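Protein chains: 2
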Amino acid sequence: MSIALANSSARGRNAVGSAIGELDLILGDRLLTDEAALRVHTHTTTGLAAQLPDAVALPETTEEVARIVKVAASFGAPLIPFGAGSSLEGHVNAPFGGISVDLRRMNRVLAVRPSDLDCTVEAGVTREQLNERLRGEGYFFPVDPGANSTLGGMAATRASGTTTVRYGSMRDNVVSLKAVMADGSVVTTAGRARKSAAGYDLTRLLIGSEGTLGIITELTLRIYGLPASIAGGYCPFPSIGAACDATILAIQSGIPVARIELLEPVQIRASNRYSNLSLAEVPSLFLEFHGTEAAVAEQATAFGAIAAKFGGGPFEWDSRPEERERFWKARKDAFWAATALRPDARTTSTDVCVPLSRLADCVREIEADLKGHGLVAPILGHVGDGNFHVLLAVDWDDPSEAARADAFMKRLAERAIAMDGTCTGEHGVGQGKMAYLAAEHGAGVPVMRAIKTALDPLGIMNPGKILPG
Amino acid sequence: MSIALANSSARGRNAVGSAIGELDLILGDRLLTDEAALRVHTHTTTGLAAQLPDAVALPETTEEVARIVKVAASFGAPLIPFGAGSSLEGHVNAPFGGISVDLRRMNRVLAVRPSDLDCTVEAGVTREQLNERLRGEGYFFPVDPGANSTLGGMAATRASGTTTVRYGSMRDNVVSLKAVMADGSVVTTAGRARKSAAGYDLTRLLIGSEGTLGIITELTLRIYGLPASIAGGYCPFPSIGAACDATILAIQSGIPVARIELLEPVQIRASNRYSNLSLAEVPSLFLEFHGTEAAVAEQATAFGAIAAKFGGGPFEWDSRPEERERFWKARKDAFWAATALRPDARTTSTDVCVPLSRLADCVREIEADLKGHGLVAPILGHVGDGNFHVLLAVDWDDPSEAARADAFMKRLAERAIAMDGTCTGEHGVGQGKMAYLAAEHGAGVPVMRAIKTALDPLGIMNPGKILPG
Chain B
3 MSIALANSSA
13 RGRNAVGSAI
23 GELDLILGDR
33 LLTDEAALRV
43 HTHTTTGLAA
53 QLPDAVALPE
63 TTEEVARIVK
73 VAASFGAPLI
83 PFGAGSSLEG
93 HVNAPFGGIS
103 VDLRRMNRVL
113 AVRPSDLDCT
123 VEAGVTREQL
133 NERLRGEGYF
143 FPVDPGANST
153 LGGMAATRAS
163 GTTTVRYGSM
173 RDNVVSLKAV
183 MADGSVVTTA
193 GRARKSAAGY
203 DLTRLLIGSE
213 GTLGIITELT
223 LRIYGLPASI
233 AGGYCPFPSI
243 GAACDATILA
253 IQSGIPVARI
263 ELLEPVQIRA
273 SNRYSNLSLA
283 EVPSLFLEFH
293 GTEAAVAEQA
303 TAFGAIAAKF
313 GGGPFEWDSR
323 PEERERFWKA
333 RKDAFWAATA
343 LRPDARTTST
353 DVCVPLSRLA
363 DCVREIEADL
373 KGHGLVAPIL
383 GHVGDGNFHV
393 LLAVDWDDPS
403 EAARADAFMK
413 RLAERAIAMD
423 GTCTGEHGVG
433 QGKMAYLAAE
443 HGAGVPVMRA
453 IKTALDPLGI
463 MNPGKILPG
Chain C
3 MSIALANSSA
13 RGRNAVGSAI
23 GELDLILGDR
33 LLTDEAALRV
43 HTHTTTGLAA
53 QLPDAVALPE
63 TTEEVARIVK
73 VAASFGAPLI
83 PFGAGSSLEG
93 HVNAPFGGIS
103 VDLRRMNRVL
113 AVRPSDLDCT
123 VEAGVTREQL
133 NERLRGEGYF
143 FPVDPGANST
153 LGGMAATRAS
163 GTTTVRYGSM
173 RDNVVSLKAV
183 MADGSVVTTA
193 GRARKSAAGY
203 DLTRLLIGSE
213 GTLGIITELT
223 LRIYGLPASI
233 AGGYCPFPSI
243 GAACDATILA
253 IQSGIPVARI
263 ELLEPVQIRA
273 SNRYSNLSLA
283 EVPSLFLEFH
293 GTEAAVAEQA
303 TAFGAIAAKF
313 GGGPFEWDSR
323 PEERERFWKA
333 RKDAFWAATA
343 LRPDARTTST
353 DVCVPLSRLA
363 DCVREIEADL
373 KGHGLVAPIL
383 GHVGDGNFHV
393 LLAVDWDDPS
403 EAARADAFMK
413 RLAERAIAMD
423 GTCTGEHGVG
433 QGKMAYLAAE
443 HGAGVPVMRA
453 IKTALDPLGI
463 MNPGKILPG
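Residue numbers (the numbering used here), protein chains in the order written: chain B, 3 to 471; chain C, 3 to 471.
Hints were generated in silico from the structure; no laboratory data involved. Any given hint could be a false lead.
Identical chains blur together in the list; that is why a pair holds if it fits in one copy or across any two.
No more than 20 Å apart at the CA atoms, straight line, and that leaves these computed lysine to any residue pairs for SDA-like [what the hints assert, rightly or not]:
1. K412 to A370
2. K334 to I28
3. K331 to P448
4. K311 to S117
5. K72 to P448
6. K331 to D397
7. K72 to A445
8. K311 to L460
These numbers were taken from a predicted model, which means no experiment stands behind them.
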């Protein structure tokens, strides 16, 4: 997929140039314009072509972000927020040029409050950094999208991941945000009460807005006590249908699974090869349970009985760290195992999400589709949410292969939407999924556009993302 | 508190009159204009004076609601959505006249999908009606604000209640909404996937918008399997601080309490009298646990140990229905017990929510405040969320008493906001809390107003609510 550089008008260039001149006075050597820095800030990890910004700003405070926004607004220059650069749909690309606002210098944990079960962090703090800090005090932050993303980026893209089935996504675990809006005003979306019925939910409006409505600079997040015991296990199934049925019954039965991950046979094969394992190459579930020693044992036993009911098993599990990590090795290394299938290609991860009852159908149809089009792609999923990833190995420099991959991703998104699902469960829209927004949201798109226009009348906040132009 | 009828301009009256004329052709005898009907639709259950609409419409389909909105839009006539009329902050009042849109004829459960753990209902279905239907199939919908509200109203006011500590509020349990926007367009905010990262979160924007952005006509909701076992219990504490500390430690420890309710001594005294009980008149917690027989026993035992650590107890609990209901009698009848304290007055329930660590301080200060101002008001709370209610018995016809009650509610809201909490945890803003929005949201208020103006440029959707004029 290739999107042409659109920032070619003299007017656009002049506006950005003037903004850069003024920002240089404010930021000095924290305003970068060298090619290497620009390139790093548009690494898309996908087939989307890099579209470089004109400069990278490295603010250190919310007030500095507000000054940057005011300067950009005065010249009409685009702003592209940047966290860890681990987004997957071209969120950090700069199709109209402009200034990448890299928040990684804002990386302080401002407060951890065990009595309130919350913490406040700057937007550039990463998930692992926060969890290292929390672990010492007996707590953790559960949302785990895999990459070591910044928490600001995770909120902006409504990230979720393996633990969502139990703890929810960023949508559920953000108490409040501080954000700089398009006019440079600084909004704190809520206090720190665990719930509120006071006014429009600006917190949830900003979560998933991908920097198109404001730049998140600070977050107050829910934290949880580290579980007394964690059990992990692995369970093979005779079919994808059986694995999905077992998952549904486990959730219906109220077993509070902390993670429940599906690996399809192509992925298991890749993992066997990469991690030197000898798992049966069948649909398999990887589970984790959190609780007291007695509770996780009861949950694991109950799950084993459910799995057996659908012909699955044996369900092997353990609560000793080394043992449970052994069971999880195939899941843990899945992305790298998929990548190793075809080292010359770029592994591109796409995702969709469907109602639980449609998951098995959807995966079966996708596997047939891949096979029919000569594509090799492992599939793995957060099966408790109906969300799965297809890890396409694509040589994006080969136009015919790139076209086949794009066509597949289009069919994938359309299939999920037709099943009353969504074109993206957790990766976001960015540039890559813009084309499906109308099919998915219909009359909701004009509503989104009205909000965008009302809050960013100049169109400077991450333009060219989410809403098709 | 009294808000003058503002719909006195000839222009406003003419617009509404013309709209009524046109709606009469569409709805026939489902358009009511008799005084009794108008009065029933503005019953506020508070000290807020009733402000009658000019007519009540009784639509039966989303399409009819859309037609009503289009007619109202063409004349600029206000629309006030109405569910069960159980809201507590004047949400259903008509300060500018207009048409009350009563959704109670839209009361069909459209689908229950056990495999997806969701259901779809029309907005006029009540909580109890849905749960009766679900119970037969082994499921339940957990959000329980006490009143038998409609689910549309619960979404519109971001309702929560006793089970929020475990299952979340309406914010967390709505998968998707169908709503008629101010221009008559019908938006479905999302598919039925359990999560999505595709675009702005219109679902959460409408939840808590109190009818000021659109009229909710249909909801897809999460459902849960009925727990195998439910245990209920009661635990007295030496102080409010001890009860709060035990609550915090229980949550930190990961005990998944399903309900944890605090009753303060004045409430216990009222309950003892009303329900013929003999509970110690001290701060007391009422708990419920959901799970397997073994899990609830483990949880209850763990809680008992925590309570003892803070001088609380004995913690008595049971999983037999009659026994656990006996423990919960004081909590269940709390509102009526409070009302019986002073039968000549109107019991008005107000609520705030603060971070858990501030709850004990807040309640202590409020009790001193009440005492200092000669007010009698039981306090009870959803202590796991930091949310509590003050049940003020007020003779609203006595101007001096009404003024004292209003002044108290103002101090209550301001105190909660100063503690980094919110002026309302679950009742909503309506008319009653509008005055505190600026103090709570600061620069967020212009953002809310920009959204309101963008989505309802004519200002016809429940005007005079949430955002001060």
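- prompt: Among all the numbered hints in the text so far, which are the ones the structure does not match?
  reply: 2, 3, 6, 8
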